Amino acid sequence: MWGSVLGRNVFINGLMKRRPYGVVVRQARLAGADIQSVRGKEAPRTCVNEWPRLGGGLSAGGPVSHYSVIPTRPGMHQTKIVDALWERRKGIDLEKNTQREQHKRHSPPHSATKISYDFENDAELRDSYSNPWGFIRVGRVLEDLDALAGTIVARHCTNEAGECPYMLVTVSVDRIRLLHRANLRDNMHLEGRVIWTGSSSAEIAMKVTSTWTEEPWLEASFVFVARDPTTGKAAKIPPLVTETTAEAEVFAAAQRKHDMYKSRRERASAAQAALGEGLPSVMSEEAAKRAAELLRRGQVITDLPALAEPNAVPFAATRLANSLICQPQQRNIHGRIFGGFLMRRAFELAFSAAYLFAGANPVFHEVDRIEFRQPVNIGDLLLLESHVLYTSVSQTTGYQRMHIEVVARIVKPETASSMVSNTFHMTFEKRDSSTPLRDVLPTTFEDAIRIANIEEHNQEQEQHI
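The opening residue of the sequence shown carries number 67 in our numbering; numbering runs sequentially from there.
Quick caveat, the hints were computed from the structure, so don't treat them as lab data. Be aware that a few hints might be false.
Stated by the list, open to error - In silico SDA-like links for lysine to any residue, alpha-carbon gap of 25 Å or less:
hint	residue 1	residue 2
1	K180	A300
2	K328	E315
3	K302	R203
4	K180	L250
5	K180	S267
6	K180	R203
7	K273	A178
To be verified - Cβ pair distances, simulated, as ranges:
hint	residue 1	residue 2	range
8	A318	G425	41 to 47 Å
9	T368	P198	33 to 39 Å
10	F511	G425	26 to 32 Å
11	A426	S196	17 to 23 Å
This structure is a prediction, so every number in the text was calculated from the model and none was measured. Just so it is clear, CB atoms sit at the ideal spot from N, CA and C, and this is done for glycine as well.
All chains, please: the whole structure from these sequences, using the hints.
In structure tokens form, the structure reads like this:
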């Protein structure tokens, strides 16, 4: 089968073929060749991943992988911006075991990071961020935001010795708002900083601006949590110290928001305890009344379809789904699937669902919330499923809106099981008002509560903008 392996010239069945070095290494190991026969010494490894150790789809009972080590950097498979941001983290000794008590307090400017998009002079970069209609491909920007947020929080948590003794994990995206539509003619700047810290968590605020104005066209807020790399438990991070009145006001606003989320989680836990495990719970009495009304209207669709509301559609009919095997090229610098990649895939599915529902090209308005519950590993089979939860009308612009949920599940065919890894909530607008959007009505108790809870959450969040 194999003749010999010499440098990048690979002889297969008597034919010489030239292969990239990373591919040659893998093929040589499969052929039983010593790595030294491929090159005098192994290439420097910016990211060494032993994927079976990560417990993903390549674990016992799953597909057998021939990939053990790839001596390349993961950013080479991402956008130029993600690659550049990950390269900036090279100087930080991540997950280094050191004395955390020696960390000093940091102010917001300490973590401030900025990167620019040279659209005017880089045609390749400009083309990679273009959507079919000539505007910014928002899904690509979501990937960059996740990479920037990780770089910012790593800088905040790094001590004077250049060590970051934490495993930093994205736990949620509070909001990503599109303030106006950007073009590809002007250069862009992506920047952000840490604006709030708790005991083991940090909030990172970011914005994207174009060179023609200082007003941002997109704003985002990510929350990271620090864990001990050995035990996996929450670890205390350096506290944020505010030095100006403006910084203190931003910190206080963020604290109020996180207090609201904490109160909401406590209400959910109490309601869940009253109902019992496995049963859906509502956030409030108002949400319970809303769920009951939605279910009453929705049951007419199933029980008396001839008398159903003509402008209504059942919740289940809005479903759209796709699936994928998570590939090595989609990994982050820690060897797991890049969260920005998951956000982009969810965004593109939600966009398609909005397009089908509206019958017109939708315009992205905002990401309401994203929750990261389980890490996704290389080799995992991921199922993405979207639904239109409800529709509304903007009180300021009058545009019709579609509120869409995407749930990502890791599916394990070997054990006939699945688990939710992420939930994404996004809002799109229909700018064409020639035809009204239909109302979405649930036909089950679980779906009614699901919709009512999200409606209430979005209304609470609007009050804290």
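Verification of the supplied hints:
1. K180 / A300: Since the Cα atoms of K180 and A300 sit roughly 28 Å apart, the hinted pair is violated (cutoff 25 Å).
2. K328 / E315: holds, 20 Å
3. K302 / R203: violated, 37 Å
4. K180 / L250: holds, 19 Å
5. K180 / S267: holds, 22 Å
6. K180 / R203: With Cα atoms ~20 Å apart, K180 and R203 stay inside 25 Å; holds.
7. K273 / A178: At roughly 12 Å apart (the allowed maximum being 25 Å), A178 and K273 satisfy the hint.
8. A318 / G425: 41 to 47 Å: Holds: the Cβ-Cβ distance is about 44 Å, inside 41 to 47 Å.
9. T368 / P198: 33 to 39 Å: holds, 38 Å
10. F511 / G425: 26 to 32 Å: holds, 30 Å
11. A426 / S196: 17 to 23 Å: holds, 20 Å
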